[in-house]
Structures are given as structure tokens and as C-alpha cells.
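Undergrad: Join these two chains into a complex; the hints should help.
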Amino acid sequence: MLLKKFFNVGFEDIAVVERKPFGLADLVRYPLFTKEFLVFLQDAMPVHRHEELVFSIVVTARKPSA
Amino acid sequence: MGYFREGDARAIIRQAYGQVQAGGAAVAEAFYAPQELARMPREAVELALGVGHPIRHASLRTGEVVLDLGCGAGIDTLLAALAVSPAGRAIGLDMTPEMVERTRRHAAAAGLANVEVREGLIEEIPLPDASVDVVISNGVLNLSTRKSRVLAETIRVLRPGGRVALSDLVLTEALPEEVLKSPAALAG
Chain C
1 MLLKKFFNVG FEDIAVVERK PFGLADLVRY PLFTKEFLVF LQDAMPVHRH
51 EELVFSIVVT ARKPSA
Chain Y
1 MGYFREGDAR AIIRQAYGQV QAGGAAVAEA FYAPQELARM PREAVELALG
51 VGHPIRHASL RTGEVVLDLG CGAGIDTLLA ALAVSPAGRA IGLDMTPEMV
101 ERTRRHAAAA GLANVEVREG LIEEIPLPDA SVDVVISNGV LNLSTRKSRV
151 LAETIRVLRP GGRVALSDLV LTEALPEEVL KSPAALAG
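Protein sequences, first through last, are from chains C and Y. The numbering used here puts the first sequence at residues 1 to 66. The numbering used here puts the second sequence at residues 1 to 188.
Chain Y on its own, in the form it takes in the complex (with noise of 0.2 Å):
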């Protein structure tokens, strides 16, 4: 991540976020039960583009509400708000318009009224203090060059003994220079 700067980073993933296009249900059908994909519409199968399944380790219960980071285009946030319904939400909050945009149609073809889709900074996330029950995430944090600030700002908007449940992908040895330097790389 060091090769980019914050802004250059940002436009590079906006636009491979922005651009690309349902490619088949593999990425889901790697994490994801048969019966919680039989729920969600499509798109959203074939849009996932996560590296886990952070809620099967989040314990929602009905009631909460839960923030989901990066969300893509929706398929964490959309169960995440069937495990809170009906009394809770889910928000999702995506800083590309287009992923906004994908999320508000999923979750409409979903039926789901309890989900809340917000355009924004995962390192400036437009909540309150104090506002969420638990926050999900889906290979989003190692696409931010600061991911110090993103930690700070999920536990902000945590209520005292909220919860995180986080997938991403880590390194155990360096990459090679070439690949860092790929703006490919950095958008996956």
C-alpha cells in the first residue's frame, strides 16, 4: 500500500469497485451456505466479493444493529439484516456509488425494509458515538491506507461491549515490488 497515495488508492478501487460486473457465484458458493444464498437475490450472489463470512463469528441476535464496512454489493449486510430482524437493521456503508446503489436494489428484491445504505469513508463513518451493536467487514480493511483510523472509528461508533467481526486478508511474507506496485493488486 505504500506505493499509492490515499487519494490515488481511493480512485483506483472506486473504479474497479465501480466497474465491475456479476461474474458467477463462486466467490459465494466458497463461503456462504446453499440455504443463506438461496435467500439473496442474484446479483448479490454474484457480487460477493469477500473473503469470509464474518457473521457466522458475529452471534447477531435480533434487535441489534449492525454496521457492515464496505458493503459491497450487500450480500453481509442483507443477512445481516435477516439475523436482526425484525426489530433490528443493518446499514451498510460503501464509499462507491455504484456498490450503493447495487445494495439499495438487492435489498429492495430481498423485501428487506431494515436496511439502511449510506455513501461514505469507512475511516470517516458518518455515525454517531456510540450508535451500532456489532460491525461486520468483508476483505475491506486491507484496501485502506489507514487502517489505524478505521479501527478508531469502528470502535467509536461501537456501543460500550459491542462487537466486531472482521474478514481480511493478511500477509506472512512481503510481496515482490512488481506486485505491490499493481493497481490491480491494490483493488483486490
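Just chain C, same shape as in the assembly (with noise of 0.2 Å):
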């Protein structure tokens, strides 16, 4: 979905270059999350997702040469 938007913009060698788990642990790391905020988050997600809450990744891409 992410990548069709930077298609649909115009960027080319559109490219995936990192991919990785993002779970409760870490979560835990930032300061923008209050302790009870962790705790209601791992009550309302299913166990099999704590440690794959979403993914973390990099993109790249180029904007077309003139």
C-alpha cells in the first residue's frame, strides 16, 4: 500500500531495503509511551502479535531524472 503511494507520485526504483519486527519490547525503549499505556496495549493485542505489532522499514526511492 505504502509503496503504490510513492508509485502513484511519480518516484521510481522504489525499493524496500529494511524490514523488521516491531513489538512490545520495543515500545518499551520510547519515552512516548506511559506504563499504562504499554500495559493496555498488550492486553488489547492478540499474545501471537506482541512481538510483530507492525513492521519496521526503509524505503528508498529516486525522483525521475529531467
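If you are wondering where the hints come from, they were derived from the structure by calculation, not from laboratory data. There could be a bad hint or two in this list.
[Stated by the list, open to error] Selected chain C positions facing chain Y (Cβ under 10 Å, derived; list incomplete):
#: 1; residue: VAL9
#: 2; residue: PHE11
#: 3; residue: PRO31
#: 4; residue: PHE33
#: 5; residue: THR34
#: 6; residue: PHE40
#: 7; residue: GLU51
#: 8; residue: VAL58
#: 9; residue: VAL59
#: 10; residue: THR60
#: 11; residue: ARG62
#: 12; residue: PRO64
#: 13; residue: ALA66
Predicted model only: the values in this text are computed from it and were never measured. Note that beta-carbon positions come from the ideal geometry of N, C-alpha and C, so glycine has one too.
TA: Here it is, written out as C-alpha cells:
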């Protein structure tokens, strides 16, 4: 979906150069999140997703040369 | 994101990022090399809130102009400034006044004169067409309710042949509704 958005606005050479699971253990590092929120998330998410809530990716792309 | 209107989402994110306090180096240490962190002011390290290391994939060269979308406290902006110095420069853009101020302070503390910081929206980048060689961003696009607009602005400000390297979080499965409705989840 995200890569399609890159394509739709005109980027070329679009590539996902990194893709890693991002789970609750990763979120704990961030000062943005309170302990209460992390407990809420732990309860709200199915156990099988605790290690893969989302994926962190790095996308590279290029604007076409004139 | 569909549970929040654009203005409400922006206010929640601005408040969360404006109030966040330095909380240790765990995030930075997960993504950056020790020798990179050694060059950064301590507060910039402790306020690293990204989800990757886009600069590692940006192939930055001296003399280039780099734009950091949603620069936060500035760690990527400062690393980009180092990579393109002495002839190049890095521009940090953030909608949160506290983060703009932090990046300015951190650039000064790091002795980097080739850093420029602007307050503004990533959906309305305050730069002319074709004025930037490389756009980087780290964990910010997912915060926007108008991602296509951000990417359209990104390609507008890039010079022909210009590059983008963007770290972000993506879903492979839907989140439960109670999580989607959570302002705290939105800000993350």
C-alpha cells in the first residue's frame, strides 16, 4: 500500500531495503509511551502479535531525472 | 488513523512530542552506531524517537542539500549535516515548536553551522520546487492523515534524480478498534 503511494506520485526505483518486526519490547524503549499505555496495548493485542505489532521498514526511491 | 480528523490528530501529536522528555539512550542505541552517537549532544541522543536509520541508505555526499521531514530533536538532521559537510546543508522540518527549538539547540551544541531548522507541516513543505537533493524521514509519515500528500510534496521539492530514504512503521494486519481509537497509539 505504501509503495503504491510512492509510485502514484511519480517515484521510481522504489525499494524496501529493510524490514523488521516491531513489537511491544521495542515500544518499551520509547519515552513517548506511559506504562499504562503499554499495559493497555499488551491487553488489547492478541498474544501472537506481541512481537510483531507492526513492521519497521526503510523505503528508498528516486525522482525521475528530467 | 481514520478515527481522528486531521486537525485533532495533529493536535494530539504536537502535544505528545512537545511534552516528551529525554528518556535514556535505548532507542538511539538500537539504531545508530556508537561512533555516530558520540558526535551527538546527549539530549539529541536521548530524544531519538525514530524507528530506523534512513541515512544509512541515503548515500549522502558532500555538497548535497538534505531535508529531514519531521526532524524531532534532530539526531538525523545533525547526522545528515555531518555527512554532507562542509559544502552541503541539512534542513530539519517539524510542526512542533519545542522540537524545532531542540534541533536548533542541538545543532549549535554540536557546532554544526550547516543546519537550518524550519517549523512547518510535512503536508505543506515550506521549500521551493526542486530545491533538495535528498529527503529523509524517520518514523513520521505514519503520523500523517495525508500520506499521499506528503509524498507529493516530497517529490515536488526534490531535484530531478533526487532521492528519498524513509523509515516508517507499517501494518501487515489490522489493529484492534480500541487501539485505533487510542490517542496514545496515534502519537506513536
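Undergrad: Hint by hint, which ones does this structure get wrong, listed from lowest number up?
TA: 7
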